[in-house]
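Protein chains: 4
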Amino acid sequence: MTELQLTQTGVIDHVIKLFQENMPFNQLLGVRFVTEDDSIRLEIPWDDKLTGNPLQKILHGGVTASLLDTIGGLTAILSAVKQTQDGHLAELVTRLPTMGTVDMRVDYLRPGRGKRFIATGQVIRKGSRVAVCRMELHNERGDHIAFGTGTYMLG
Amino acid sequence: MTELQLTQTGVIDHVIKLFQENMPFNQLLGVRFVTEDDSIRLEIPWDDKLTGNPLQKILHGGVTASLLDTIGGLTAILSAVKQTQDGHLAELVTRLPTMGTVDMRVDYLRPGRGKRFIATGQVIRKGSRVAVCRMELHNERGDHIAFGTGTYMLG
Amino acid sequence: MTELQLTQTGVIDHVIKLFQENMPFNQLLGVRFVTEDDSIRLEIPWDDKLTGNPLQKILHGGVTASLLDTIGGLTAILSAVKQTQDGHLAELVTRLPTMGTVDMRVDYLRPGRGKRFIATGQVIRKGSRVAVCRMELHNERGDHIAFGTGTYMLG
Amino acid sequence: MTELQLTQTGVIDHVIKLFQENMPFNQLLGVRFVTEDDSIRLEIPWDDKLTGNPLQKILHGGVTASLLDTIGGLTAILSAVKQTQDGHLAELVTRLPTMGTVDMRVDYLRPGRGKRFIATGQVIRKGSRVAVCRMELHNERGDHIAFGTGTYMLG
Chain R
1 MTELQLTQTG VIDHVIKLFQ ENMPFNQLLG VRFVTEDDSI RLEIPWDDKL TGNPLQKILH
61 GGVTASLLDT IGGLTAILSA VKQTQDGHLA ELVTRLPTMG TVDMRVDYLR PGRGKRFIAT
121 GQVIRKGSRV AVCRMELHNE RGDHIAFGTG TYMLG
Chain P
1 MTELQLTQTG VIDHVIKLFQ ENMPFNQLLG VRFVTEDDSI RLEIPWDDKL TGNPLQKILH
61 GGVTASLLDT IGGLTAILSA VKQTQDGHLA ELVTRLPTMG TVDMRVDYLR PGRGKRFIAT
121 GQVIRKGSRV AVCRMELHNE RGDHIAFGTG TYMLG
Chain A
1 MTELQLTQTG VIDHVIKLFQ ENMPFNQLLG VRFVTEDDSI RLEIPWDDKL TGNPLQKILH
61 GGVTASLLDT IGGLTAILSA VKQTQDGHLA ELVTRLPTMG TVDMRVDYLR PGRGKRFIAT
121 GQVIRKGSRV AVCRMELHNE RGDHIAFGTG TYMLG
Chain Z
1 MTELQLTQTG VIDHVIKLFQ ENMPFNQLLG VRFVTEDDSI RLEIPWDDKL TGNPLQKILH
61 GGVTASLLDT IGGLTAILSA VKQTQDGHLA ELVTRLPTMG TVDMRVDYLR PGRGKRFIAT
121 GQVIRKGSRV AVCRMELHNE RGDHIAFGTG TYMLG
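Protein chains in written order, with full-length UniProt numbering: chain R, 1 to 155; chain P, 1 to 155; chain A, 1 to 155; chain Z, 1 to 155.
Everything labelled a hint here was simulated from the structure, so no lab data went into it.
Identical copies look the same in the list; a pair holds intra-copy or inter-copy alike.
Using 25 Å as the maximum straight-line C-alpha spacing, the simulated DSS-like pairs for lysine-lysine come out as follows: (1) Lys82 <-> Lys17; (2) Lys49 <-> Lys115; (3) Lys57 <-> Lys17; (4) Lys126 <-> Lys17; (5) Lys126 <-> Lys57; (6) Lys57 <-> Lys115; (7) Lys126 <-> Lys82.
Since the structure is predicted, the reported quantities are computational estimates derived from the model, not experimental observations.
Just chain R, same shape as in the assembly (with noise of 0.2 Å):
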C-alpha cells in the first residue's frame, strides 16, 4: 500500500479503497464506489444471486441492509475526516479499526425491483464519538426502495 497521506484528502481516498478493496464483502456483493463532487454513493448492478424473494425477482432484503450499512458507515467515517483538522488526523486513523455499526434500522418501503441500485446517506447527527446517519436506496428509476437509520461509533 502506498504511504498514506496525512491530509483530509489523503484520508478520504485512504478510506474509500479501504471499504472498496478490503472488504470482500462488498466485492462479492458486486458494489461500486462512486464520488461525485463532494458526495459518494454506491451503485450495484441486478444480479440473480442477490435475489432474495423465492416468488419474485427482487433484492434480498440483507442485500439492502448490506448497502444502507457500508453506505451509512462510510458517510459517518468520512464526515469524521471532514470536521478534523490535518493535526489530528493520524489520530484519527489508529482509531479506524474499532469504528463500527453500533445499531440500524430499515424500512423497507417497495419491492427491491430495478436494473440498478444507489445507496447515499447523509450525517444528520454529527460527533467526535458517534454519529448518526440517515440512508436511502433508490432504483435507477428513481423509485424509493428502502430507509436507513445508522449510529456509528468513531473509535
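Following the hints, position chains P, A and Z against chain R.
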C-alpha cells in the same frame, strides 16, 4: 416441484424449501437451515468472502443483518402457519408472495468473529397480518454477536 | 357527540377530535392540533413540568417520543382516510379502536431546548393494513431536535 | 444538596436522586424508583390522565416510551458507574449533564392495560462512551406490554 400438501407440516416443509432452494442470496452466503424438534435455526460457516471490517477478520454487518432478517421472516411465516387451521392453509399459501419485512433493527453487540454463526428467532407479537420477531446471532462458542427486531407483513 | 358524517372530511374531523379531546395524555402535555390546508401538525409550548434532563432545562426524551408517536399515528390514520372511498369509510371507522403503533424508532439529534415545539409527519409506506411514517420535531427557531420512524397498524 | 460521596454507592444514590427529584416529567407521570438488591425498576400506577387510545382505557404510547427511555438511561448510567473505579468517579460525574439517549426503538406488544406498570432494563452492550440497553414494560399481572432497545451516550 412435488405437489404441496395443505397440512401444517406440508406447508412448513414447503416454506423452508423455498427459503433454502429458491433464494439464491441465501445460497451465496452459505446458509444452512437446521430444524430440530419444533424449532428452526440458520447456520453459516466462516468464509473469507463474508469479511466486512477491512482491518479485522470479522463478518460484514450486512451478513449479520441478512441472517437476522432471514430467520426473522422465516420464523414469522412458520408461526403464522402453525396458528392456521388446515382449511385456511390454501389461502395463506396464496399470500406467501407478498409476505416480507416491513422494518428491522439490528444491534451489533460484538465483533462478528468465529468459525460458525447461528441465527435464531422467536415471535414476540403474533397477528394474522403483522408479526414482530426478536432474533439473535451467536458464534460457535456462544458469544452473542447481534440482536435483531423485525416487523413482518404476513400478506 | 354530534353524528359522524361518513365523508372523508367528516371522518378526518372526527379523528382529530378524538385525538384532541379523548386522549387525556395529550391534554396533560399541552398538545395543540393545528390544521393548515391539507396538513396537520402538533404544537406544544415549553413547560417546566416537561423537563427531562435533571441538569439542563430540556425536554424529557419521553415527551419527544410522545409527540412523535402521536403525530405519526394521526398522520397514518388520516392518510388511510384520504385513500378510502366514501362507501368504505364506515368500515374504516369500525377499525379505529384497534389502530395503533406497532413499533417506533426515535433519533435524538439535539437537546430539546426552545419555547415552542412543532411535530410533523409524513407517510413513507402506504398500505391498507400497515403504514410507515417519518416524523420530525423542531423548535420555534427551526432547530431539528428529533427524527422518528413509526410503523402503524390500521386495524 | 448534601455533599456527593465519590464512591460507587454514593454516585449511584446521587444519580437515582437526580432522576427522581430533578426530572419533573417523571413526577408528572407518577414514576416511583424501586431499588432491590443490585437492581432498579420503575413503577407507575394506572392514572386516567395517562390514557392514550381514545376508544379504550389504555396507556398512551408516549407513556410507554417515556418509561422505557427513563429506565434505559438510568440502567446505562448505573452500569457505567459500577465499572468505574473510585478514582475516576469524579470525572464520570462531570460528564453526567451530557449523557443522554442517542436513539430508541419501542415495540408495542399488547395494549397497555393494567393497574400498575413495571419497567426494567439491562445493558446488552457496555462501553465507556456508548451503552446499549434492552428494556421491558409489564403490568402487575406480568403481561408483557412493550420491549425497548436504546443506545445511550455516556458523555
